[in-house]
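Asker: Sequence:
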Amino acid sequence: MATTTNYNWATPDDTDLVKDGASAIRTLGSSADTTVKALNPGTTAGDIDYYTSSTAKARVAIGSNGQLLRVNSGATAPEWALGVNLQLNAQTATYTVVLGDAFKLVTMSNAAANDFQIPTNANVAFPVGTVINVIQIGAGTTTIKAVTSGTTTISSTGATAAEPDLRAQFSAASCIKVATDTWYVVGDIA
16 MATTTNYNWA TPDDTDLVKD GASAIRTLGS SADTTVKALN PGTTAGDIDY
66 YTSSTAKARV AIGSNGQLLR VNSGATAPEW ALGVNLQLNA QTATYTVVLG
116 DAFKLVTMSN AAANDFQIPT NANVAFPVGT VINVIQIGAG TTTIKAVTSG
166 TTTISSTGAT AAEPDLRAQF SAASCIKVAT DTWYVVGDIA
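In case it helps, the numbering used here puts the sequence shown at residues 16 to 205.
Take these hints with a grain of salt, some might be off.
Pairwise CB distance ranges, derived in the manner of DEER restraints [to be verified]:
#	residue 1	residue 2	range
1	ALA105	GLY144	22 to 28 Å
2	THR91	THR26	56 to 62 Å
3	GLN184	THR59	47 to 53 Å
4	ALA137	LEU103	26 to 32 Å
5	VAL99	ALA174	21 to 27 Å
6	ALA76	THR107	39 to 45 Å
No lab work stands behind these hints: they were computed from the structure. The structure presented is a predicted model; accordingly, all values stated were derived computationally and were not measured. All residues carry an ideal CB built from backbone N, CA and C; glycine is no exception.
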């Protein structure tokens with residue numbers, strides 16, 4: 016007897032003599048029925064099934080109104096949560112943003128003037144629609160600028176539109192990517 020590749024169901028070989036075809040079909044059918052039953056989704060409408068390993072299935076019960084599905088802090092399973100916690104990236108000197116800064120708050124803590132730099136799309140391909148938030152928590156003025164000003168365009172209402180400063184300590188702004196190498200900066204800028 017041979018077995019199937021995926022589920023190891025017993026099937027006759029080409030050279031096997033099948034005496035009772037109906038019995039062989041019932042055996043194969045039972046194997047298929049048992050396997051497919053194990054693959055069925057949860058029994059409650061709205062639940063989500065996922066695998067914790069290649070063979071172990073688990074279920075997340077339907078969430079409540081307003082909840083978002085996210086991965087737990089151990090990155091091992093999905094879970095429901097109210098909103099998403101804003102992640103922080105603390106910096107103490109001039110800083111060039113990286114892909115991991117998307118949708119985070121970068122804190123700039125320096126007593127001296129410092130720069131918050133946005134790289135070209137060729138160096139870091141943030142998707143259009145990405146928002147990066149920045150707050151100046153140190154006394155030194157934080158200037159938002161392009162790493163390569165001839166390639167990356169920054170537009171704002173700041174006194175220097177292409178290189179706005181955060182207005183004062185605890186001022187914040189959002190940098191929003193609106194095209195391949197174009198960013199808008201909105202917030203408490205000078």
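Asker: Are the hints correct? Go through all of them and say.
Answerer: For each hint, the structure was consulted:
For the pair ALA105 and GLY144, the supplied restraint of 22 to 28 Å holds, since their beta-carbon distance comes to about 25 Å. Remark: the range hint 56 to 62 Å for THR91 to THR26 is contradicted by a beta-carbon distance near 37 Å. Evaluation of the 47 to 53 Å hint for GLN184 and THR59 yields a pass: the beta carbon distance comes to about 51 Å. Taking the beta carbon of each, ALA137 and LEU103 are about 28 Å apart, inside 26 to 32 Å as hinted.
Look at VAL99 against ALA174: about 34 Å separates their beta carbons, and that is not inside 21 to 27 Å. Between ALA76 and THR107 the beta carbons are some 44 Å apart, a value that agrees with the proposed interval 39 to 45 Å.
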